[in-house]
Amino acid sequence: MKALAAFERYWFAPAPARRLALLRILTGGFALVHLVTRFASFTAPARFGREQFVPVGLVALLDEPLSSGVVTLLVALTTVASVPFVLGLRYRFTAPVFALLFLWITSYRSSWGMIFHTENLVALHILVLSAAPAADAYGWDVRGRPTSSTLSGAYGWAARAMSVTTAVCYVLAGLAKLKLAGPIWLEGGLLRAQIAYDNLRKIELGSSYSALGAAAVHYEAPFLVLALMTVLLELGAPIALFGRRIALGWALLAWGFHIGVEALMAIPFPYQLSFIAYASLFEVERAFDFVTERLRRRIADRAT
Amino acid sequence: MQDSGHSRWPGYVVGLGVVIAAALPAFRPAQHDSFPLSTYPMFARKIDKPHLSFIERLDDRDRAHRLDPELVASDEVMQSYRTIKRAVREGPEAAEALCKSIARRLAKHEKGKREVRLRVVRARFDPVAYFVEDAEPEEREVIASCKAGRNR
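Those sequence lines, one after another, are chains A and B. Taking this note's numbering as reference, the numbering of the first sequence is continuous, increasing by one, and the terminal residue is 304. Taking this note's numbering as reference, the numbering of the second sequence is continuous, increasing by one, and the terminal residue is 152.
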């Protein structure tokens, strides 16, 4: 019983409604921009042949691919559904609808032979947010009402769940390297070959590649350091759950890691690169207050 | 908001449920990937001298040029890679069917102004030597070829 009580104290640690609301706006806002900018890529499966269909996740419920009209309609519906999610409009109804639609279209996009590992985390974060009271502040339905500063465990668990999910995903990535390749992965040679192969593949398939990655594979030594740092960062992700300062250090390293992946392999992880993936680790309302106060002062200074 | 047991059930069912579900892939083989519950096997596999299948377009002087991935499947290069790989794995007929469908699409896109000659190629590379020594592929095989457009 003591363990359960300790868990409840951790999981339902009181938090302000504003924190959760800001996470909703940031994550939902990211999803909205992602859907708009990648609309063509989300609807591309409508052109693919049936023989390419390899359903994953929820999409495994389908025996056959959807018609092109239905694919386009679902992507459009998801894009539209992201707006009330961000605004906090009729949230209890619109948020789960958006979360399920987003999960469906991202799963569908990954059901054609290539899994988009860039979208796992945002899909899971949106699922968590959709079940939380994330529109009790900065929401359309509560506009005009003063934002309560009361702390509640009901506002705390979602950020915890998002942070632990983030840590779990990184740990799994580290484990996969040790499970598939073994300790040899830590020597750096495999990472070097991986970066070389990824860039070679892009060149031979007519896509843009990383000139920096192509140049870097001429040298062996940096890859030993990069491989060790990668696995340490991934397996060490749970340390980010022990205090805000440690979280900041880890999140900056993880962000730097994704900058490195982009620079060496031209593979963007937009959710991570935007830093929104790590926002749940922090008291985002304090950053929000800091920024709005600075803006307010600047506007006031200009007016005088 | 009142912090009651009633308001906590989503925290257990969805919050804890998502965390547990995200962790479950740790208990299955890393190569069994899925979405959104992934084992994250990217960048983890051993790479020696892999085979790579790609499509090249031949110009009037028989010089080979790479095709934009968007003309193969989508602007996502990995989706194009999987499309070609799958067709090659299924055999010459599937590779030829893919070749023809791309050639037709390309000829239509160019309004038949130029003849489209394509080749589906499978080659074996040493990825590091490719950059460090400008190495050519160790093996190279044309799996299928096709034409579309002018004079067809």
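Hints in this document: simulated from the structure, not taken from any laboratory. A quick note: this is a predicted structure, and the numbers were derived from the prediction, not measured. Quick reminder that beta carbons are idealized off the backbone N, C-alpha and C, glycines included. Certain hints may be false.
Sample of chain A residues facing chain B (criterion: CB under 7 Å; computed from the structure) [unchecked claim]: (1) Lys177; (2) Ser207; (3) Leu212.
These are the hints, each one checked on the structure:
no.	hint	result
1	Lys177	holds, 4 Å
2	Ser207	holds, 4 Å
3	Leu212	violated, 12 Å
The structure does not agree with numbered hint 3 stated previously, though it agrees with all others.
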